[in-house]
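Student: What follows is the residue order along each chain.
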Amino acid sequence: MACVNAQGELSNSAKKLLHAIESDALTPQEISKQMGAPLFKVRSSLREMEDLEFVTVKDERYKISSKAKELLD
Amino acid sequence: MSDIRVKERTEEIKTLPRIGSKAPQFEAVTTHGTLRLSDYEDGWLVLFSHPADFTPVCTTEFMGFQNIYDDLRELNTELLGLSVDSVSSHIAWVRNIKEKFGVEIAFPIIADLNKEVAEAYGMMMPEESNTETARAVFVIDDKQVVRSIIYYPQSTGRNMQEILRLVKALQKSDEHHIATPANWEDGDEVIIPTPSTTELAEERMKDDSLECTDWYLCKKKL
Numbered sequence: 001m002a003c004v005n006a007q008g009e010l011s012n013s014a015k016k017l018l019h020a021i022e023s024d025a026l027t028p029q030e031i032s033k034q035m036g037a038p039l040f041k042v043r044s045s046l047r048e049m050e051d052l053e054f055v056t057v058k059d060e061r062y063k064i065s066s067k068a069k070e071l072l073d
Numbered sequence: 001m002s003d004i005r006v007k008e009r010t011e012e013i014k015t016l017p018r019i020g021s022k023a024p025q026f027e028a029v030t031t032h033g034t035l036r037l038s039d040y041e042d043g044w045l046v047l048f049s050h051p052a053d054f055t056p057v058c059t060t061e062f063m064g065f066q067n068i069y070d071d072l073r074e075l076n077t078e079l080l081g082l083s084v085d086s087v088s089s090h091i092a093w094v095r096n097i098k099e100k101f102g103v104e105i106a107f108p109i110i111a112d113l114n115k116e117v118a119e120a121y122g123m124m125m126p127e128e129s130n131t132e133t134a135r136a137v138f139v140i141d142d143k144q145v146v147r148s149i150i151y152y153p154q155s156t157g158r159n160m161q162e163i164l165r166l167v168k169a170l171q172k173s174d175e176h177h178i179a180t181p182a183n184w185e186d187g188d189e190v191i192i193p194t195p196s197t198t199e200l201a202e203e204r205m206k207d208d209s210l211e212c213t214d215w216y217l218c219k220k221k222l
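Chains as they are written, first to last, in this note's numbering: chain A, 1 to 73; chain B, 1 to 222.
In case anyone wonders, no lab produced these hints; they're calculated from the structure. In this text, all values refer to a predicted model and were calculated from it rather than measured experimentally. Please note that a few of the clues may not be correct.
[Unchecked claim] Quick list of the computed label-pair ranges, beta carbon to beta carbon: (1) Asn76/B to Glu60/A: 17 to 23 Å; (2) Val87/B to Glu9/A: 16 to 22 Å; (3) Glu60/A to Ser155/B: 42 to 48 Å; (4) Glu53/A to Arg36/B: 29 to 35 Å.
Glycine included, C-beta positions come from ideal geometry on N, C-alpha and C.
Starting from the given sequences, assemble the full structure and let the hints guide the process.
Tutor: Here it is in structure tokens:
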């Protein structure tokens, strides 16, 4: 589930994941349930997004970053 | 010292995973991005290797694995393939399978070009091939412990229903603390573990809820 393409644009699955954590900070399990995506894919994507500073994490709950919000707009 | 002895002494001794041991951790490039074994924690995983993309037996196996994927996911079990081919090769092959056979491969495949994962799991059989992985299957449970290992040679495609049956049997054993007899299928009678004392053996024989042939072979319906 690569988050960005060669042009630096968000992939559809990345957008879907970021929308899922737009208003609430969620655990990977909650995101997986909400998106209907396998947990292993959510964990892998969150790791990539954390490296790209698209998400912030506190107490294992993930929330969209201001940097990613700009990309979504 | 002879060359052979020097070779023997310097050859790296690797400990391969065994049933009951922790599965070796890895981070690998796959057709679904970079995945770690730890991404599968809290669920079960069937990690399997195949010799090479675009080969006939492997193609039939991949369609077979896809065929049981939904059933495995019902059992909280994921599938993860592996060969020493590149991601581009995997993508091209998966697209070809969809085009030629109408089967969409939905599970990720590791591109293990440096054989790192294959060697950690003992998927290489040098006497059979130095360049391709054997048909190995590792069933890894939700605590990331290896629960079963199956090896098939390159010439022989695996039986997908047996892999599905194996996962069901392992999970049933965990859930009910029972064992499963030969050719067990979901819904069949299961085996009660053998009693550890003569007293328990006597009690076992008086238990009307069990179907006992003798004290050491008792079955029951779940």
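Student: Does each hint hold? Answer for all of them.
Tutor: Consistency of the hints with the structure:
Between asparagine 76/B and glutamate 60/A the beta carbon distance is about 20 Å. The supplied range of 17 to 23 Å therefore holds. For valine 87/B and glutamate 9/A, the hinted distance range of 16 to 22 Å is satisfied, since their beta carbons lie about 20 Å from each other. Under the hint 42 to 48 Å, the C-beta atoms of glutamate 60/A and serine 155/B, about 47 Å apart, fit the expected range. Range check, glutamate 53/A to arginine 36/B: Cβ separation about 20 Å, and the 29 to 35 Å hint is violated.
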